[in-house]
Amino acid sequence: MEKKDQTSIEELCELFVHVVNQYNALDKMPYSYGIGQKLHLSEVHTIDAIGKHDNINITKLAQYLNVTKGAVSQMVRKLVNKNLVIKSISPETENEVVLSLTELGKQVYEGHQRFHKNLNKKIASLLAQQPPGTIDILATLSKELQKIWKEIEFEKNES
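The sequence shown begins at 1 in my numbering and counts up by one.
Hints may be right or wrong, so weigh each one.
[Said to hold, decoys possible] Keeping only pairs whose Cα atoms sit at most 20 Å apart, straight-line, the calculated EDC-like set for lysine to aspartate or glutamate is: (1) LYS122 / GLU110; (2) LYS69 / ASP54; (3) LYS52 / GLU110; (4) LYS143 / GLU155; (5) LYS147 / GLU158; (6) LYS82 / GLU92; (7) LYS78 / GLU158; (8) LYS106 / GLU43.
To be clear, the hints were calculated from the coordinates, so they are not data collected in a lab.
Construct the entire structure; sequences and hints are all you get.
Encoded structure:
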């Protein structure tokens, strides 16, 4: 590989790390969605999942979010205390607790949906300005990067 190509790859890797770090910083920043209380993204994503799957139970929510039932139970307890989520007995079976959103929770859900719609619109606008085939290339690269992250995760767990 030519030195110029190696330098370009290193610069691209640095840029990628910078973009990931920016995303992570935004990810940690709490948002209010106009409800008067700040919520962390993990709370918002839990609300989003419940909004998409009304009357979901803790087990299915944990599977959907790819976290433990204990972590979901803790998060749900927090969201119930913030008046964003309702726990109730399943209409189908009396021994199951299901989750739904309060009116305040629905506000957060809808605000988060608007946020993603706006973000997707901006990304679509950016991609529309790129040469044909760019989306396919980016999709392929993203899939390959996911494989690399999984390998790194496996290697870290092995050491």
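For LYS122 and GLU110, compute the direct alpha-carbon distance and say whether it is at most 20 Å.
Measuring from Cα to Cα gives roughly 18 Å; hence the hint holds.
Regarding the pair LYS78 and GLU158, is the alpha-carbon distance no greater than 20 Å?
violated, 34 Å
Mind checking the alpha carbons of LYS106 and GLU43 for me, to see if they're no more than 20 Å apart?
holds, 13 Å
Under the criterion that the straight-line Cα-Cα distance not exceed 20 Å, is the pair LYS143, GLU155 satisfied?
holds, 19 Å
Can the restraint linking LYS147 and GLU158 be considered satisfied, given a maximum Cα separation of 20 Å?
Answer holds: LYS147 to GLU158 is near 16 Å, not above 20 Å.
Hey, LYS69 versus ASP54, does the alpha-carbon distance stay inside 20 Å?
Measuring from Cα to Cα gives roughly 18 Å; hence the hint holds.
Restraint status (C-alpha distance of LYS82 to GLU92 at most 20 Å):
The given pair, whose Cα atoms are some 27 Å apart, is violated under the 20 Å limit.
Would the hint linking LYS52 and GLU110 be met if the CA-CA limit is 20 Å?
Distance of about 11 Å is within 20 Å: holds.
In this structure, the hints that do not hold are numbers 6, 7, in rising order.
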